[in-house]
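So you can see what is in the structure, the chains are spelled out below.
2 protein chains.
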Amino acid sequence: MKAPLIDNLQYANFSPKVFAQMREGGVDAVHVTIAYHESFREMVLNLESWNRWFEDHPNLIFKGTSAACVRRAQAEGRTAIFFGFQNPSPIEDDIGLVEICHQLGIRFMQLTYNNQSLLATGCYEDEDTGLTRMGKQVVREMNRVGMVVDMSHSAERSTLEAIAHSTRPIAITHANPHWWHPALRNKSDTVLKALTGAGGMLGFSIYPHHLAGGSNCTLERFCAMIADAADRYGAEHLGIGTDLCQDQPDSVVEWMRVGRWSKVIDYGEGSASNAGFPPMPVWFSDNRDFGNIRKGLEAVGMAPAEIDGIMGGNWLRFYEESFGPQ
Amino acid sequence: MKAPLIDNLQYANFSPKVFAQMREGGVDAVHVTIAYHESFREMVLNLESWNRWFEDHPNLIFKGTSAACVRRAQAEGRTAIFFGFQNPSPIEDDIGLVEICHQLGIRFMQLTYNNQSLLATGCYEDEDTGLTRMGKQVVREMNRVGMVVDMSHSAERSTLEAIAHSTRPIAITHANPHWWHPALRNKSDTVLKALTGAGGMLGFSIYPHHLAGGSNCTLERFCAMIADAADRYGAEHLGIGTDLCQDQPDSVVEWMRVGRWSKVIDYGEGSASNAGFPPMPVWFSDNRDFGNIRKGLEAVGMAPAEIDGIMGGNWLRFYEESFGPQ
Numbered sequence: 001m002k003a004p005l006i007d008n009l010q011y012a013n014f015s016p017k018v019f020a021q022m023r024e025g026g027v028d029a030v031h032v033t034i035a036y037h038e039s040f041r042e043m044v045l046n047l048e049s050w051n052r053w054f055e056d057h058p059n060l061i062f063k064g065t066s067a068a069c070v071r072r073a074q075a076e077g078r079t080a081i082f083f084g085f086q087n088p089s090p091i092e093d094d095i096g097l098v099e100i101c102h103q104l105g106i107r108f109m110q111l112t113y114n115n116q117s118l119l120a121t122g123c124y125e126d127e128d129t130g131l132t133r134m135g136k137q138v139v140r141e142m143n144r145v146g147m148v149v150d151m152s153h154s155a156e157r158s159t160l161e162a163i164a165h166s167t168r169p170i171a172i173t174h175a176n177p178h179w180w181h182p183a184l185r186n187k188s189d190t191v192l193k194a195l196t197g198a199g200g201m202l203g204f205s206i207y208p209h210h211l212a213g214g215s216n217c218t219l220e221r222f223c224a225m226i227a228d229a230a231d232r233y234g235a236e237h238l239g240i241g242t243d244l245c246q247d248q249p250d251s252v253v254e255w256m257r258v259g260r261w262s263k264v265i266d267y268g269e270g271s272a273s274n275a276g277f278p279p280m281p282v283w284f285s286d287n288r289d290f291g292n293i294r295k296g297l298e299a300v301g302m303a304p305a306e307i308d309g310i311m312g313g314n315w316l317r318f319y320e321e322s323f324g325p326q
Numbered sequence: 001m002k003a004p005l006i007d008n009l010q011y012a013n014f015s016p017k018v019f020a021q022m023r024e025g026g027v028d029a030v031h032v033t034i035a036y037h038e039s040f041r042e043m044v045l046n047l048e049s050w051n052r053w054f055e056d057h058p059n060l061i062f063k064g065t066s067a068a069c070v071r072r073a074q075a076e077g078r079t080a081i082f083f084g085f086q087n088p089s090p091i092e093d094d095i096g097l098v099e100i101c102h103q104l105g106i107r108f109m110q111l112t113y114n115n116q117s118l119l120a121t122g123c124y125e126d127e128d129t130g131l132t133r134m135g136k137q138v139v140r141e142m143n144r145v146g147m148v149v150d151m152s153h154s155a156e157r158s159t160l161e162a163i164a165h166s167t168r169p170i171a172i173t174h175a176n177p178h179w180w181h182p183a184l185r186n187k188s189d190t191v192l193k194a195l196t197g198a199g200g201m202l203g204f205s206i207y208p209h210h211l212a213g214g215s216n217c218t219l220e221r222f223c224a225m226i227a228d229a230a231d232r233y234g235a236e237h238l239g240i241g242t243d244l245c246q247d248q249p250d251s252v253v254e255w256m257r258v259g260r261w262s263k264v265i266d267y268g269e270g271s272a273s274n275a276g277f278p279p280m281p282v283w284f285s286d287n288r289d290f291g292n293i294r295k296g297l298e299a300v301g302m303a304p305a306e307i308d309g310i311m312g313g314n315w316l317r318f319y320e321e322s323f324g325p326q
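Residue numbers (the numbering used here), protein chains in the order written: chain P, 1 to 326; chain L, 1 to 326.
Keep in mind that the hints were calculated from the coordinates and are not lab data. Where hints are given, some of them may not hold.
Among the chain L residues that face chain P by a calculated CB cut under 7 Å, a handful are [as the list claims (entries may be wrong)]:
1. Q21
2. S66
3. D93
4. Q116
5. W261
6. I265
Here are the simulated DSSO-like cross-link-like pairs (lysine-lysine), alpha carbons at most 30 Å apart as the crow flies [to be verified]:
7. K2(L) with K263(L)
8. K17(L) with K2(L)
9. K136(L) with K263(P)
10. K136(P) with K136(L)
11. K17(P) with K263(P)
12. K136(P) with K193(P)
13. K17(P) with K2(P)
14. K136(P) with K263(L)
15. K2(P) with K263(P)
The beta carbon of each residue, even a glycine, is placed where N, CA and C say it ideally should be.
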């Protein structure tokens, strides 16, 4: 069967327009973020919104829970939507909510979002404890039920400890190598070697703050970085996680950064003079542009089988290994 | 006016029986714990229980919110009940809840309870980050509204950073010096010097795991330690915080230790063979026994004015300085 096209991270302002673009772009599966700072109850409200979309647009999208849903999406010409959290706030202080969330369809959870959480340390803290007492127990529980540990926004030591402590491969769903662009959110060679060496996956981000050259990063430069990463880490551990935030107002990026934890503004990856969502590069505006990435990877000389893997086949394999009970 | 009798930490299974014992013992004010692992909404349920007790037993107790309430309690022959949290779980991830909780009458909040919180590190973690990004902001907000930072269950570095970062004196409401009994929960000389040097208060605990000799600790040994501490840190920075857990079933100490964060039992200060609440020393069973402590302090030769301070005068001064806006 043809390799699927999977984007393993989007936080668009989702709408029937965006779902139609997924179909136009031939996207078989998307992992969407449904929580940053939400409590369990607030996250359930977001699930309710998705249930309405699934009910109203069954010709475009359906809820994905296993790798088989990706194959079904391909066969039926629809897009499977997988859920994830960018912060553990929906499990609050309650390890029992890990299994409840898995039963509700959540398949990825970041242990932190920039700040210290109850589980681990985020990449914007000055100090990094690694996994906390609760963090070690929650990773074990995520392993048991089949929820993927995602360390995209975590600090270095916490990430290395999550890789070591997890008995199953983990993911960094949306980030790039620090050696290519030294942003705080991008990952060190040490982390990427440990991640992929343990069978984990890296999803390349197209969020401009993660790109060398920012919004002006060329497709060639992005794809050359992917080819380099394939040489270093093995193409089979690589995929796409665009971090597409299409149609979001700037108030949303402020909320993502500040949540409810601060009374003063925190610009995160931005700055006072560049506080909003940055413009996307010209070669990737929305779900219709994945063909550009495929062409870019061809142009830098990657083999068709490697490209198939990066565009979705590798994420499919990872879904097969990751979403069931241990 | 006569110095008040204040116990600055109790977590009894409160009941009209206990309130009557407070009156029998001449206790003018008690700081009671109303949250360990509760969310905001769950903590409000506990406030509702207290409101019912205040409504039903106005001859025994009333809600304390300021130092003047202690004087009123003395004048009216009642006990003023002050509220505190042993964990920041009721403010969840929301800095705005600090002021809301102050408006509801909460006057003390621990930044951690044994484990890592969103704010700081607890004393049972292997690694101690100090104050987190959110922690620094929350301490500032607590300073602004008049909620006391309590570091009784926090780790060393976090405690030192809280003392340094807070613009107002902080408290360790219930612990003893590590040099007297080297329990994980007791505090180093470094911490106690920094605490008292910055105008903060230490409340001596009678919880047996914090006592040299445990449940068999004699009154003489306890009071001799207090006299030593007065020599080292100044008697004016010392008070009582018994940690009285009267009438609680052992299921409660298990919940205090494990909350919802772990699927496996954690014995905390206890052990598999000694998992429950330890028996209190014979000289302090309930609120009627404060006279024993006063006599014990007299017997070790402390001056009456020092004893008056330790038995309540010092907490009253601290309440005067601490509960109003900055």
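Verification of the hints:
Here the hint on Q21(L) is broken, as its CB sits about 33 Å from the closest CB of chain P, past 7 Å. Annotation: interface hint on S66(L) violated; nearest CB of chain P at approximately 25 Å, more than 7 Å. Using the Cβ-Cβ criterion of 7 Å, the hint placing D93(L) at the interface with chain P is satisfied: the shortest such distance is roughly 6 Å. Here the hint on Q116(L) is kept, as its CB sits about 4 Å from the closest CB of chain P, short of 7 Å.
A hinted interface residue such as W261(L) counts as satisfied when its beta carbon comes closer than 7 Å to some beta carbon of chain P; here the least separation is about 4 Å, so the hint holds. The beta carbon of I265(L) is not positioned within 7 Å of any beta carbon in chain P (closest approach about 12 Å), and the interface hint is therefore violated. This hinted pair does not check out: K2(L) and K263(L) have alpha carbons roughly 50 Å apart, beyond 30 Å. Pair hint K17(L) plus K2(L) holds up; C-alpha atoms about 26 Å apart against a cutoff of 30 Å.
Among the hinted pairs, K136(L) with K263(P) is consistent with the structure: their alpha-carbon atoms are about 11 Å apart, no more than 30 Å. About 25 Å separates the Cα atoms of K136(P) and K136(L), which keeps this hinted pair within 30 Å; it holds. Using a Cα cut-off of 30 Å, the hinted pair K17(P) and K263(P) is violated, with the two alpha carbons roughly 35 Å apart. Between the alpha carbons of K136(P) and K193(P) the distance comes to roughly 22 Å, so the proposed pair stays at or under 30 Å and holds.
Between K17(P) and K2(P) the CA atoms are separated by roughly 26 Å; this keeps the pair inside 30 Å, and the hint holds. Between K136(P) and K263(L) the alpha-carbon distance is near 11 Å, which keeps this suggested pair within the 30 Å criterion. Restraint check for K2(P) and K263(P): the C-alpha separation of about 50 Å exceeds 30 Å, so the hint is violated.
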